[in-house]
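A.B. asks: One letter stands for each residue in the lines below.
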Amino acid sequence: MNSSFRVTALLLCMGPLVSVLAEPVPDLTATLKAAFTDKRQATLDRLDQDETQKLCTQLRDQVPTSELSQKITRMNLATVKPPADGKYLGDWKAGEVVASTGTGLQSSDDPAKPNGGNCYACHELAPTEMAYGTLGPSLKHYGKLRGQDPAVLAYAWSMVYNSNSYAPCSNMPRFGHRGILTEQQMKDVMAYLFDAASPVNQ
Amino acid sequence: MSVQDRYISLVAACTLLGASLSLPAEQTSEEAIAEYHAMFGDENPAELWQLRGEELWKTPRGSRQVSLEACDLGKGPGVIAGAYAELPRWFEDTGKVQDLESRLVTCMTNLQGLPESEVLAVKFGDGEQKSELEAITAYVAAASRGSRITIPLDHAAEKAAYALGESVFFYRAGPHDFACATCHSESGKRIRLQTLPQLTTSEGAQAAYTRWPAYRVSQGELRTMEWRLQDCLRQQRLPQLTYGSDVAIGLTMYLARNANGGEMAAPSIKR
Amino acid sequence: MPDPMRIRAVMMGDVVDVKILMSHVMETGQRKNADGDLVPAHYITEVTATCKGKTVMKAGWGPSVSKNPYFSFRFKGGAKGDKLSITWKDTAGGTRTDEVTIN
Numbered sequence: 169m170n171s172s173f174r175v176t177a178l179l180l181c182m183g184p185l186v187s188v189l190a191e192p193v194p195d196l197t198a199t200l201k202a203a204f205t206d207k208r209q210a211t212l213d214r215l216d217q218d219e220t221q222k223l224c225t226q227l228r229d230q231v232p233t234s235e236l237s238q239k240i241t242r243m244n245l246a247t248v249k250p251p252a253d254g255k256y257l258g259d260w261k262a263g264e265v266v267a268s269t270g271t272g273l274q275s276s277d278d279p280a281k282p283n284g285g286n287c288y289a290c291h292e293l294a295p296t297e298m299a300y301g302t303l304g305p306s307l308k309h310y311g312k313l314r315g316q317d318p319a320v321l322a323y324a325w326s327m328v329y330n331s332n333s334y335a336p337c338s339n340m341p342r343f344g345h346r347g348i349l350t351e352q353q354m355k356d357v358m359a360y361l362f363d364a365a366s367p368v369n370q
Numbered sequence: 016m017s018v019q020d021r022y023i024s025l026v027a028a029c030t031l032l033g034a035s036l037s038l039p040a041e042q043t044s045e046e047a048i049a050e051y052h053a054m055f056g057d058e059n060p061a062e063l064w065q066l067r068g069e070e071l072w073k074t075p076r077g078s079r080q081v082s083l084e085a086c087d088l089g090k091g092p093g094v095i096a097g098a099y100a101e102l103p104r105w106f107e108d109t110g111k112v113q114d115l116e117s118r119l120v121t122c123m124t125n126l127q128g129l130p131e132s133e134v135l136a137v138k139f140g141d142g143e144q145k146s147e148l149e150a151i152t153a154y155v156a157a158a159s160r161g162s163r164i165t166i167p168l169d170h171a172a173e174k175a176a177y178a179l180g181e182s183v184f185f186y187r188a189g190p191h192d193f194a195c196a197t198c199h200s201e202s203g204k205r206i207r208l209q210t211l212p213q214l215t216t217s218e219g220a221q222a223a224y225t226r227w228p229a230y231r232v233s234q235g236e237l238r239t240m241e242w243r244l245q246d247c248l249r250q251q252r253l254p255q256l257t258y259g260s261d262v263a264i265g266l267t268m269y270l271a272r273n274a275n276g277g278e279m280a281a282p283s284i285k286r
Numbered sequence: 358m359p360d361p362m363r364i365r366a367v368m369m370g371d372v373v374d375v376k377i378l379m380s381h382v383m384e385t386g387q388r389k390n391a392d393g394d395l396v397p398a399h400y401i402t403e404v405t406a407t408c409k410g411k412t413v414m415k416a417g418w419g420p421s422v423s424k425n426p427y428f429s430f431r432f433k434g435g436a437k438g439d440k441l442s443i444t445w446k447d448t449a450g451g452t453r454t455d456e457v458t459i460n
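Protein chains in written order, with this note's numbering: chain Z, 169 to 370; chain V, 16 to 286; chain H, 358 to 460.
Please note: incorrect hints may appear among the correct ones.
Unchecked claim - Covered stretches of chain V, as calculated for chain Z (at least 3 residues, CB under 8 angstroms): (1) 68–76; (2) 95–104; (3) 122–128; (4) 143–155.
To be verified - Computed beta-carbon distance windows for the label pairs: (5) Z:R242 to V:R286: 24 to 32 angstroms; (6) H:N390 to V:G161: 33 to 41 angstroms; (7) Z:Q352 to H:M358: 49 to 57 angstroms; (8) V:E131 to H:G393: 27 to 35 angstroms; (9) H:N390 to Z:A246: 57 to 65 angstroms.
Hint data in this document are derived by calculation from the structure and do not stem from the laboratory.
A quick note: this is a predicted structure, and the numbers were derived from the prediction, not measured.
Backbone N, C-alpha and C define an ideal beta-carbon position, used for all residues, glycine too.
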């Protein structure tokens with residue numbers, strides 16, 4: 169069985185339950201561009217897809233084969249840049265602000281303000297914060313459970329920098345690769361996850 | 016103080032939103048909203064839009080000085096009962112699949128002779144600036160309360176609209192790689208405390224679609240499906256979706272068809 | 358011209374149950390618009406209900422009341438068929454009066 173057939177077969181069973189099976193729309197990007205207009209910093213070029221977005225759209229986020237999975241992770245792992253000074257952990261207090269801030273890059277946001285990471289939209293972090301989302305796994309006691317082995321730190325950095333380096337077609341934005349967060353902001357988020365004094369580990 | 020004054024009992028639900036919606040830890044946002052809603056009884060400020068919409072529907076206007084009572088929303092001229100539950104649909108006269116909002120624009124321009132620029136001047140209201148389209152949409156949608164959503168998807172153009180909507184639903188783009196599916200293709204998930212409907216299923220689509228248009232308490236405005244889509248896409252970090260565009264109607268068709276059989280309960284009241 | 362109120366007045370035993378929806382921006386004077394400028398205060402300061410020439414309810418309101426307020430109260434002394442009139446006044450000199458028949 170060739171892999172493209174397997175992809176199709178999987179899409180058929182994983183597609184929407186109520187779907188009237190849809191024909192793929194040719195040249196969807198052009199159709200979209202005709203139906204949108206620039207709004208401040210949210211410009212039409214944002215509708216262009218990179219290779220990962222294209223693949224994950226085609227697969228409807230269900231990666232069916234290890235070949236494809238490896239293709240996506242390899243491609244994205246190659247983009248990950250470790251911190252210039254080799255230090256993964258910044259200031260957890262600043263990281264808490266990044267984790268709690270949901271604004272940034274929307275047409276309605278002030279481009280002069282730093283972007284947020286919005287971690288709490290999808291993850292449980294500090295046990296004291298009740299208003300957390302559940303799209304992503306709980307990260308409560310993240311550092312307390314894992315310690316600070318260099319391999320653990322490098323993996324977490326990679327997930328924040330580019331989630332698709334280990335989780336192909338993840339729902340999580342690729343914060344470093346797509347320039348959503350600065351290196352310093354990502355270090356601060358890392359400290360929020362790992363620092364023994366961070367509320368995440370209480 | 017008069018005797019009568021002593022009998023006055025005030026049930027003022029006009030507290031600040033922040034105070035009435037502050038969430039105790041175990042209370043979900045749905046429960047908090049249900050509690051807030053209960054304070055209103057059956058009342059919903061959306062009625063203020065419905066009233067205004069009814070007046071706009073019945074008043075002769077435009078260069079032809081006619082009302083919208085001859086507007087065909089798919090069930091014949093002037094028939095609004097159950098019409099919203101059967102939209103979007105194919106219209107022979109325009110040769111297009113249209114949702115309610117785009118169909119109203121057609122009637123206001125073609126039937127009444129109002130200039131399109133005037134009709135589309137205020138698509139979404141903002142305080143003193145009031146939207147006629149939102150008001151008429153509220154009035155027409157309310158006439159489908161209790162009707163079952165019926166989207167047969169018979170016409171080829173309706174099928175194509177659905178296919179486009181479905182493709183857009185899964186289209187990942189923008190700096191955050193978000194698609195509609197990122198938040199709306201799993202069951203029982205939340206963003207912060209807000210429960211997310213799984214729009215790929217009949218149950219999830221019905222729960223969501225049957226409750227729009229809605230009065231948004233946090234904005235003090237009535238919002239329609241066109242607004243809902245534009246605002247989702249804004250949060251996806253994408254540019255501005257054009258009102259009444261094929262993509263807007265395609266997404267609406269995707270949601271409406273997935274919600275087929277659901278009982279309309281709009282305008283509702285939401286956070 | 359302000360939009361009409363939605364008023365319902367229904368007899369419940371010997372008490373009239375009144376429910377009112379008002380269309381009003383209720384600007385506090387402390388909100389800033391997208392450009393960072395303060396939006397001037399504009400809110401209802403007074404609501405009165407009159408039945409058979411008598412004031413049956415008078416309320417003093419401030420900026421903490423929400424946009425498009427919903428207001429409900431009950432009074433004794435009214436009967437089916439009586440007219441109930443509601444008037445609001447706001448900080449900008451605006452006013453609106455609407456009347457319903459109690460049923």
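A.B. asks: All hints, please: hold or fail.
C.D. replies: Each hint, compared with the structure:
no.	hint	result
1	68–76	violated (count 0)
2	95–104	violated (count 0)
3	122–128	violated (count 0)
4	143–155	violated (count 0)
5	Z:R242 to V:R286: 24 to 32 angstroms	42 angstroms, violated
6	H:N390 to V:G161: 33 to 41 angstroms	40 angstroms, holds
7	Z:Q352 to H:M358: 49 to 57 angstroms	55 angstroms, holds
8	V:E131 to H:G393: 27 to 35 angstroms	33 angstroms, holds
9	H:N390 to Z:A246: 57 to 65 angstroms	46 angstroms, violated
When held up to the earlier numbered hints, the structure conflicts with 1, 2, 3, 4, 5 and 9 and fits the remainder.
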